[in-house]
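J.: One letter stands for each residue in the lines below.
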Amino acid sequence: MSAAPATAGPPAGTLSAVAVPARMRATMLRRSLREHPGPAVAGLVGLLAAAWLIWYALRGDQHTLGLLAGAWVLGWIVLPLLLGGGRGRVRPAHLRLEPIGGVPAAIGLLAASAIGIGPAVSLVALAALPVHAARHGTVAVLVTASGAVLLWLLGLIGSAIALEVVGHAGGPVGALLTGIFTGTAMGVAGSLWAVFPWVSVLLTAAPEGVVRAMAYVPSGWPITAATGPTGQGVRRMAALVGIVALCAAAYIMLVRRVLIAGVPFRPRATTAASPVGARRERLGWVPAATRAVTGREARAWMRHPLRLQYLAFAVVYGALLAGLPLLSDVDLLLPWAGPLAVLGAAAMSAGLVGLDGTALWLPLTAPGGERAEVRGRALAWLLVVTPIGVLLTVAGVILAPRVDALTALSTLPALLGAGASVPVWVSLLRVRPVADPRHPTSADNPTDIVSVLVATAGGLLAAAPVLALAVWGPPEAAPLLPLVGLLCGAAVWWGGVWLADDRLARRGPEVLAAAGQRSRPPETVIPLTWNVQWYRENTATAWALGLLTVGWIPLIPQGVMPLAFGIDGGWIVAGHLDAGARTAVGWGMIGVGVAMLLAGLVLWDRRPAR
Amino acid sequence: MIPPALEIRSLVKTFAAHRAVDGIDLTVHTGTFHGIVGPNGAGKSTTIGMAVGLLTPDSGEIRILGHDALRDRGLTRALTGVLPDGLDFPERLTGAELLRYTGGLRGLRRAAATDRAAELIEVLGLAKGAGTPLADCSTGTRKKLGLAQALLHAPRLLVLDEPFEAVDPVSAATIRRVLRRFVAGGGTCVLSTHSMLLVEQMCDEVTVIHQGRVVAAGPVAEVAAGSSLEDRFVELVGAEASGSAGLDWLTGAR
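Protein chains in written order, with our numbering: chain F, 9 to 618; chain Y, 888 to 1141.
Among these hints, one or two may not hold up.
[What the hints assert, rightly or not] From the structure, some residues in chain F lie toward chain Y, with a derived Cβ separation under 10 Å:
(1) P295
(2) G303
(3) E305
(4) A308
(5) R315
(6) A521
The hints are simulated quantities; they were obtained by calculation from the structure and are not laboratory data. Every residue, glycine too, gets a C-beta built ideally from N, C-alpha and C.
Input sequences plus hints: build the corresponding full structure.
T.: Dropping the structure here:
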């Protein structure tokens, strides 16, 4: 790939070579903005968050502000791994055939990385630091502004390194990191009620422990450099410069290695040669074909980056959802860590067939292969997830000995039974193939929300009788709960297996064909200039764009911010009302925002292919 | 009377408005090498896919060693070994694990599967591929591992789609020897290929497919009709030998 002219000519100068990646990136960004509203919508949300950070900087606590700035930079480094930020990015491998050295290439690539919505929004957000320092005078503003630029560079280089080393590695590190991050985000989002009191304490004034810790966090250094003793300030700013320089040197080495070696740096773990020699027979009671599929699946669970990501997500999600309420002294949910993790694992397994590409041809050419495929997949899932569920549940029971754990323990087998088989059926029903089954990255998760919801519903269906009996049943029925859980798990297991068997036996070739459909239909091209004709001809898409852009306004500033943070600016409707009406209007705004965004998504999904 | 190893009658398959296979009749006699040739998009892989059950035909009949392949799918699968082209493997398994997996899938006893896999790995020169995840294997190694899994359960009919693609000459010679021994032992081998030379060297009979129809079929010498199979093939599919005009900027004296 090259943006250089095709005709032969004099070698381009270093400056021109440095500019090539930036020009490539600008072209990619323009195209991406035309084809999809996602980046623009994400940019708008980011700007709202940055505006809130600047607003907080005007009167907030300096240590909390440093912590938030650090979280922002960390998010900038980690989020692209999760959201597919590697796509549309100019990478060192793209310059392999160009006559360009390591240093100019690295500078050019970093310049290219700086072109985008994320870096621009981050620069705005980090402006919160000099805004906060304004109360200490001009020198403080200049020092913190320099610090903000250094933090911005740290985010820029860190993100480039993370994407190159982890995001494209297809290895376990990126997968686990992404799984932990998404699990944390979802776990915290699901425990907002428990996290808010702690967050409000932090926003008012950082506790002593946070203040002490922030002395060692680089994002806290610019403000302390401006407000503390001069000697300490110089040392901290010098340390920040040193960290940025170290990261830059590491990135230059990485780029040079790719250019010289001629292959992208890919620290993928290779599996040691496994001898064909006979091994101890396990699962001897299972038919040989099912045992073979179980073995294949068990290995895939331990080696496939996206499956590792799913497992990491499930564990972190379950643990946080059950554990975070401890921040509000609520330990009732601790024994539910296991069931919640199992439910999360089931939801994340709703697209497993698509991860394997067209490998389904092997069971489809073997006698009885369909049955073995379904049962082997379900059995392997049980073997992998059951220990996780049991361990987390037992840990929860130990940590909260006074909490009645019978319902949680009884729900576990129901969720395990459903989680093993229902996702197999769902993933055969809605095959979403991964773009590259050989080297998928953590950014290529093909699972869609509908499949996730159906798989989750399967688990909830299995658990419903247990929960109903526990809530509404007579107290003397409590000893029956484990038996009900087991029976429900077994029933939904067989139901899921029957449906999956039927699907694969009747529609095997159809499922295989769907697994091979990796190319997506061309995206709708959105004009960047005002084109009345286009909007007339694409009414649904235009509405989708409008709803997806505007829907955030009632959701975040009009709904979440006044309810969660007590923000009541001039244009925030709920801010002008009393307690009861304020809550009602805030929730109403959230409802309107969610409805607008959902309607936008539905309309966007229905846009005609070009 | 020995039934044909593969017998296809009036096979039809349509994808949207495109009729990929348009009433194909094909007979592969037991104990022979049979080549299927045709230009890109002629319908070879679609025909093979339907024969082994990876695609569902719109209409037509398929019989494998006398059994109805559309009704007695389990039985015909047991008799057939398949190497499709362009499909994925369980990419996280190593080559050895793939063979162990397919052995189990085919219901082989573990000890037998282990012995056969070890022998195939040695004969086909797959020692390195045996310990490497399939995702990291070269195209040639993947082809050889695919062939090994197709042979593992000692099928009676072997259906191979482009088996020599990206395989090095030494390995290709080994594979040819293995396949000749397989056919000499009573097995039948159907292979789809673009190499006319390979068909001339290995096959007893050939079927030429063009635009979803059979345009010639029979013993190789008969189809070639006195000229080379390649010339005859070009003549049969009606292609004009392009490449002799234009490109003066490339071929002119400088």
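J.: Evaluate each hint against the coordinates.
T.: Each hint, compared with the structure:
no.	hint	in the structure
1	P295	holds, 8 Å
2	G303	holds, 7 Å
3	E305	holds, 9 Å
4	A308	holds, 5 Å
5	R315	holds, 9 Å
6	A521	holds, 8 Å
No hint from the list above goes unmet by this structure.
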